[in-house]
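Number of protein chains: 2
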Amino acid sequence: MPKIIRSKSLAEKTADKLRAQLEGNNVSLGDILCSERELALQYKVSRKTIRSSLSMLVQEGFVVSLDRKGYQVKKPTVGTDKSQLIAYVLGTETRHWEMDAYSHEAWSQVQKSALSMGKNVFALAKEDMSASQICERLLQHQVKGVIVNADDPEIPLELNKAGIPLVMIDTASPKLESVNQDNFNGAYQLTNHLVENGCKNIAWMGRHLELIQGQERLGGYLSALHIAGLKSNKTHIISSVPDKTKLESLKKLSKDSKAIDGLVIMWPQLIEEVVDYLSENKIHLELAVWWGGNPEIKDICKKKFKKQKVPAGVHWNVCDLAESAILKLDERIRNPEKPIGRTMVSMHLTTK
Amino acid sequence: MPKIIRSKSLAEKTADKLRAQLEGNNVSLGDILCSERELALQYKVSRKTIRSSLSMLVQEGFVVSLDRKGYQVKKPTVGTDKSQLIAYVLGTETRHWEMDAYSHEAWSQVQKSALSMGKNVFALAKEDMSASQICERLLQHQVKGVIVNADDPEIPLELNKAGIPLVMIDTASPKLESVNQDNFNGAYQLTNHLVENGCKNIAWMGRHLELIQGQERLGGYLSALHIAGLKSNKTHIISSVPDKTKLESLKKLSKDSKAIDGLVIMWPQLIEEVVDYLSENKIHLELAVWWGGNPEIKDICKKKFKKQKVPAGVHWNVCDLAESAILKLDERIRNPEKPIGRTMVSMHLTTK
Chain A
1 MPKIIRSKSL
11 AEKTADKLRA
21 QLEGNNVSLG
31 DILCSERELA
41 LQYKVSRKTI
51 RSSLSMLVQE
61 GFVVSLDRKG
71 YQVKKPTVGT
81 DKSQLIAYVL
91 GTETRHWEMD
101 AYSHEAWSQV
111 QKSALSMGKN
121 VFALAKEDMS
131 ASQICERLLQ
141 HQVKGVIVNA
151 DDPEIPLELN
161 KAGIPLVMID
171 TASPKLESVN
181 QDNFNGAYQL
191 TNHLVENGCK
201 NIAWMGRHLE
211 LIQGQERLGG
221 YLSALHIAGL
231 KSNKTHIISS
241 VPDKTKLESL
251 KKLSKDSKAI
261 DGLVIMWPQL
271 IEEVVDYLSE
281 NKIHLELAVW
291 WGGNPEIKDI
301 CKKKFKKQKV
311 PAGVHWNVCD
321 LAESAILKLD
331 ERIRNPEKPI
341 GRTMVSMHLT
351 TK
Chain B
1 MPKIIRSKSL
11 AEKTADKLRA
21 QLEGNNVSLG
31 DILCSERELA
41 LQYKVSRKTI
51 RSSLSMLVQE
61 GFVVSLDRKG
71 YQVKKPTVGT
81 DKSQLIAYVL
91 GTETRHWEMD
101 AYSHEAWSQV
111 QKSALSMGKN
121 VFALAKEDMS
131 ASQICERLLQ
141 HQVKGVIVNA
151 DDPEIPLELN
161 KAGIPLVMID
171 TASPKLESVN
181 QDNFNGAYQL
191 TNHLVENGCK
201 NIAWMGRHLE
211 LIQGQERLGG
221 YLSALHIAGL
231 KSNKTHIISS
241 VPDKTKLESL
251 KKLSKDSKAI
261 DGLVIMWPQL
271 IEEVVDYLSE
281 NKIHLELAVW
291 WGGNPEIKDI
301 CKKKFKKQKV
311 PAGVHWNVCD
321 LAESAILKLD
331 ERIRNPEKPI
341 GRTMVSMHLT
351 TK
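Those protein sequences? They're chains A and B, same order as listed. Under my numbering, the residues of the first sequence are numbered 1 to 352, in order. Under my numbering, the residues of the second sequence are numbered 1 to 352, in order.
So that you can see chain A by itself, here it is in the shape it has in the complex (with noise of 0.2 angstroms):
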């Protein structure tokens, strides 16, 4: 017989009886493990080795590394059940627990929204780790459907390829499961919103023309202007921002004040940076923001706006994008014959 299954190192093996541990009932959620010494004492193992052991279980979610202070358990353990267990998959090189605003949000919703439908779920950040590892770490685990969080398009083609089910969230391809923002509509929203409040030159900041949200983005502008009657002007749409010659074509386009007398900006991280230059210079442009499902970026912004007025913008509950994600997992797990389809949660508009 063909030998299929390679024997566990002693590192591996020790991370099973860690994590065995960590699922049992005696350890809660906040609490600091024991040293590394400790521990190797206990599982009698070297020093690396419950080093390594330990870096699994961070890998894994299970606990995050406190920096010089010890390990601390992240996971919930109360009601683990292997049989519903799936994971949250970044796509980002950061770990796991340093996670954006943004997609610390999503996490936490995820979270929530797993556990209200009886599901475990456990997150795992990319960082250096090839997609195929990524896999092979998830059918370790036996997840029965993952939630992928990331642009990289090999992260769901190699789970496709193992067979996982899975839904991105935010994706850059129409042919994968998905849940996202809907970009076309939030863009014509934004769009439509200027040309009601009497514009007739609208620029369009933003970025990733390369992806398919990028492209729905400036879609939803080109389709509102043209149907408004207005002219679209390639001067006018000044893409793969942040970039700083770009951000000076913004400067020199707003000084001309005939150039343009409202702007669309894709890309909320700019927002900051491109109000402070029109209040500074005097320059008054309508602007309409792409807020993004991230509340920080919104408050932040609106605490600096406390003397400017705060501009519309569209935002979207990322607590809507999690809660479809999780359902959306569920019914392809339940039947992974359902025809693919990319799920959109509504963009709101709003003008204060």
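Simulated from the structure, these hints should not be mistaken for laboratory data. All clues stand as given, with none of them false.
Same chains, same label: a pair holds when it works inside one copy or across any pair of copies.
Quick list of in silico lysine-lysine cross-link-like pairs, DSS-like style, CA-CA up to 27 angstroms:
1) K175 - K298
2) K309 - K200
3) K298 - K338
Following the hints, complete the assembly by docking chain B onto the known chain A.
Showing chain B alone in chain A's frame:
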């Protein structure tokens, strides 16, 4: 105690009795009912009353009127289970057995998907009913959910008010739960195909710019042009077809060999006419066609294209659309608080 239930009319009571018979196991799909005269005798009611009862069953899709030849059983009666009853509502003024090829295909796929999930579904066309009359009828049947194929926004509005779970097929509103073809991506793929074939001046022909579908299709075209570095030209966008003057403008454009070298046709009913015109006048224009989900149009055109090259085009699977709609409705019935989302089924590009 306030009286909230009115007593049923004789015609309604008789319809109930007939319905109970139809739901029994002695009646098969395709059976022909006895004559009105015989039925009136059997149920001891007047001809007028039995006609009125039968017309209720026609409305509900249980039987169809065969125009002087009697009534035929339309609805599969096996396994009828009121607790799983859903409806397919068509916003057309024609009756539901007079659907066009696409609606008919969608309906038969909805039936198939529903059946495979143990649900019973009946069709109901708007005809001359008001939205609230439709809603009343659905409530009478105690449907658990409704799939709506209609541009009329009043039908979903009324259903929402009545708290009946619903999923739209191909809806015009981003605020409604729906399953759609991926309009943006379809248009993007078609335009991009022409770009990749060397076209530099691509025209767009479509309609429905007042609805989100049209806006998205226009957006896909404009976005693809911009990203390819090509200019869009207002006179190359021929909307609100079919309209003779608009067709004339295409003819004018295509005669001037420098004006356009490619054409995206987003309104499949026009394909034949356009192709005939081009071939009669020996005008070469690269075409890219929105075949839609309608297998009939595609086949008709393919037959016509025996001597000419069949143009590249995109289509979606009506089967995917129907299955997604049924799954989505099932999910919404189980979880009415589920966030609203539009689901886009994939568009497939075929170049021969």
